[in-house]
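Q: With the first letter of the sequence shown counted as 1, position 18 gets the number 18 in this note's numbering; the numbers rise by one all the way through.
No wet-lab data here; the hints were simulated from the structure. It should be emphasised that the depicted structure is a prediction, and the values quoted were computed from it without experimental measurement.
Listed next, with one range per pair, are the computed distances between beta-carbon atoms: (1) L86 - L19: 27 to 33 Å; (2) N34 - W63: 27 to 33 Å; (3) N34 - A55: 21 to 27 Å; (4) T43 - F23: 18 to 24 Å; (5) L4 - A79: 18 to 24 Å; (6) L11 - A78: 16 to 22 Å; (7) L41 - S88: 18 to 24 Å; (8) S62 - A39: 31 to 37 Å; (9) T12 - A79: 22 to 28 Å; (10) T12 - D38: 38 to 44 Å; (11) L86 - V54: 27 to 33 Å.
Quick reminder that beta carbons are idealized off the backbone N, C-alpha and C, glycines included.
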Amino acid sequence: MSLLQSLALLLTEMGFAQLALAFVVVAAYSLAINSSLDATLRTGAGSTAFVAGVAFAALTPSWVSGVAFLALVIAAVAAFAASAWLLSAMLGLRAESGALGASPERAETRSPAQQPARGIATTTAAVRTL
1 MSLLQSLALL LTEMGFAQLA LAFVVVAAYS LAINSSLDAT LRTGAGSTAF VAGVAFAALT
61 PSWVSGVAFL ALVIAAVAAF AASAWLLSAM LGLRAESGAL GASPERAETR SPAQQPARGI
121 ATTTAAVRTL
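Hey, can you work out the whole structure from these sequences and the hints?
A: Below, the structure is given as structure tokens:
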């Protein structure tokens, strides 16, 4: 049986558990290659993708066809990410880059300036007239 025939057989016999694990692999791998996320989140997503990939390959009748299927899926996601990056670079859409964590500099710029509540504190002119 050739590799393509074993992949076709794998796709026809895929159950719900294998579909769910393949979805977890794709979603976690997409998070792992996202450079705008924090490094700890990306590491966790990469580990999750690896564990789900091993479980997916273990649940397939032939683990070799499971690994080949995951390699094709990961290559397709990487090709999509590379083409999106290339298109954004050609159009000049890379205006802001960096981690999307809660950095102290960004937290200060997002929060509005604190203002005193009206009606609670009396003004000094009103106090002097009393």
